[in-house]
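> With the hints as extra help, turn the sequences into a complete structure.
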Amino acid sequence: MTYKNRLDGRKMNETREITAKAGVIKKADGSAFFKIGKTWAYAAVYGPRDFHPRFMQDPTKGVLRFTYAMMPFSGMGERVRPGPNRRAKEIGMVSGNALRKVVNLEDYPNAVVDVVVELPQADAGSRCAGICAASIALADAGISMTDMVAAVASGVVDDTVCLDLDYEEEHYPEFAKEKVDSEDVADIPVAIIPSTGEVTLLQMDGIMKKEQLIDAIELAKKKCDEIAIIQRAAIHDKYKGN
Amino acid sequence: MENKENKQQESKLLVKDRDVVVPGQVLAEGFDFLPSYGTYRTNDKILANKLGLIHLEGKVIKTIPMAGRYHPKKYDVIIAKVIDVGMNAWRLNINSAYNAMLSSKEVGGSGGYGSYPQKGNLSKIYKIGDYVFCKITKVSGQNLVDLSTNGPGLRKLYNGRIIHVNTHKVPRIIGKKGSMVNMIKQATDAKMVVGQNGIVWLQCEPKLESIAVRAIKKIEEESHIPGLTNRIKEFLEKETGKKLDITEKNDKEDNEVKNDIQK
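So the sequence lines, in the order shown, correspond to chains A and B.
All residue numbers for the first sequence refer to numbering that gives the first Met the number 0, where the first residue is 0 and numbers rise by one.
All residue numbers for the second sequence refer to numbering that gives the first Met the number 0, where the first residue is 0 and numbers rise by one.
Fair warning: there could be bad hints in the mix.
Straight line, CA to CA, 25 Å or less: simulated DSS-like cross-link-like pairs of lysine-lysine [unchecked claim]:
no., chain 1, residue 1, chain 2, residue 2
1, B, Lys-168, A, Lys-25
2, B, Lys-15, A, Lys-239
3, A, Lys-220, A, Lys-20
Quick list of simulated restraints, FRET-style, between CB atoms [what the hints assert, rightly or not]:
no., chain 1, residue 1, chain 2, residue 2, range
4, B, Gly-152, A, Arg-99, 39 to 45 Å
5, A, Asn-103, B, Lys-137, 22 to 28 Å
6, B, Leu-243, A, Glu-16, 47 to 53 Å
7, B, Asp-43, A, Lys-221, 23 to 29 Å
8, B, Gly-177, A, Asp-49, 29 to 35 Å
9, B, Ser-10, A, Lys-10, 37 to 43 Å
10, A, Thr-59, B, Asp-43, 27 to 33 Å
11, A, Glu-16, B, Lys-184, 47 to 53 Å
Per the computed footprint, the stretches of chain A lying under chain B, defined by three or more beta-carbons under 8 Å from a beta-carbon of chain B, are [claimed, not checked]:
no., stretch
12, 44 to 58
13, 103 to 110
It is worth saying that the hints were derived from the structure and are not from the lab.
Glycine included, every Cβ here is placed at the ideal spot set by N, Cα and C.
What follows is the structure in structure tokens.
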């Protein structure tokens, strides 16, 4: 049996429900939340501000630091130990790289822009939600940037390409209601710059065929354009009275 | 030839004056418009690169920022906090990503112009933690900022209370030709200094002080809703029980907005 009916009844090219809001953390220079299904990401931006230790400063351009953190009971399994771990550091690095392409850091020499992403609950696709939240927060903080990065994951479940996998789909053989043909599940987070179509994040976890890979990336790219509209609307909503 | 071809293509403006735009939003297509502050051009499109309000000046498109930290600008008059005292200069926090230097030569005071440089312990003049009302004399390409307290009204601020507000709301707190500040001063008998960097210094009686603080916060929150001056006047009259008489009041809100933009 191929994968025809998704576990939560979505279409193959459909994401979970998305809500985005800008300006949710008062003390931060810019902030946002981005919820996609049961994955919630809160992002806060501090800066540009004085950067210490000074030997890390760069006189030619500013530095963007990205911190990704899952809260202790955010996961589906056991308690997540708070603080940086190997996984969180890697995600922080790749998410930061996804955003560095759009932020005009030359405008802030010797300074640092801190982006902090916290996930109160995570149900797969957390790095994409984090990137989406972070770009809204950066724009909300008035940082100079060429565009807002949009991100979504696509993947392959039981030989079928589908968009925005949740936790149960990522562990499909465990949760499957039907007979499973292929035990392989693959997941590809994709982040793009909507105005140019450039890809700033592309990772893959799992095994899939070449054609499926191309299909999956195309599917994610198309959806990113729609997510970009939601992100912009989030900021426009904040200033609606204007 | 190429120019002619470009001119044949029609340029399209996709936004209106005073629209809110977000980074990456396309503002105009074609070559008939010019990108200015907060915008950039890629191929035949002009896009925004900062969150802000659109301001059109003929062919020039620029955005007026609505959020973000204070960015130091020459001739700005600001309130800064002393964070370090050196041999010949002070280092001050100006509420931005960069610290500023105040040389001992640039200190004005009772001695008048040129009566310094000071010798000895600079803490006698400004010590760590003091707030100083000063002006920016220079901003380098690397954002090194020089300050001066030599000028009319520039001085150390004694006592009083410091309030932090959004930098981009400062023109509204000052008002047209200082009308808003004068209104608050008149209502609460306060001494008040507003720095361009979003720091406000306030000194008056404790009871009235809280009214002044609330008035400032009200301006900050409601600055984008028309009829601001009237609402603040009503608020102050209700809270203080005083009748306010302002000669320059109730000018057209449009003028106020234009004034804001020019600043």
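> Look at each hint and say if it fits the structure.
Outcome of the hint check:
1. Simply put, Lys-168 (chain B) and Lys-25 (chain A) have alpha-carbon atoms about 16 Å apart, close enough for the 25 Å limit, and the pair holds.
2. With a C-alpha separation of about 15 Å, the suggested pair Lys-15 (chain B) and Lys-239 (chain A) falls inside the 25 Å cut-off, and the hint holds.
3. Between the alpha carbons of Lys-220 (chain A) and Lys-20 (chain A) the distance comes to roughly 22 Å, so the proposed pair stays at or under 25 Å and holds.
4. Our hint of 39 to 45 Å for Gly-152 (chain B) and Arg-99 (chain A) holds, since their Cβ atoms are close to 43 Å apart.
5. In this structure the hint that Asn-103 (chain A) and Lys-137 (chain B) lie 22 to 28 Å apart at CB holds, the actual value being about 23 Å.
6. Between Leu-243 (chain B) and Glu-16 (chain A) the C-beta distance comes to about 51 Å, which sits within the given range of 47 to 53 Å.
7. Taking 23 to 29 Å as the suggested C-beta distance range, the pair Asp-43 (chain B) and Lys-221 (chain A) conforms, at roughly 24 Å.
8. Checking the proposed 29 to 35 Å range against Gly-177 (chain B) and Asp-49 (chain A) shows it holds: the Cβ atoms sit about 32 Å from each other.
9. For Ser-10 (chain B) paired with Lys-10 (chain A), a C-beta distance near 40 Å keeps the hint of 37 to 43 Å intact.
10. Thr-59 (chain A) and Asp-43 (chain B) have their C-beta atoms about 30 Å apart, which keeps the hinted 27 to 33 Å range intact.
11. At about 51 Å, the CB distance of Glu-16 (chain A) to Lys-184 (chain B) agrees with the hint of 47 to 53 Å.
12. Judged by the Cβ-Cβ criterion of 8 Å, the stretch 44 to 58 of chain A is covered by chain B as claimed, because 5 of its residues qualify and three suffice.
13. Under the rule that three or more residues need a Cβ within less than 8 Å of chain B, the assignment of the stretch 103 to 110 of chain A holds, with 5 such residues.
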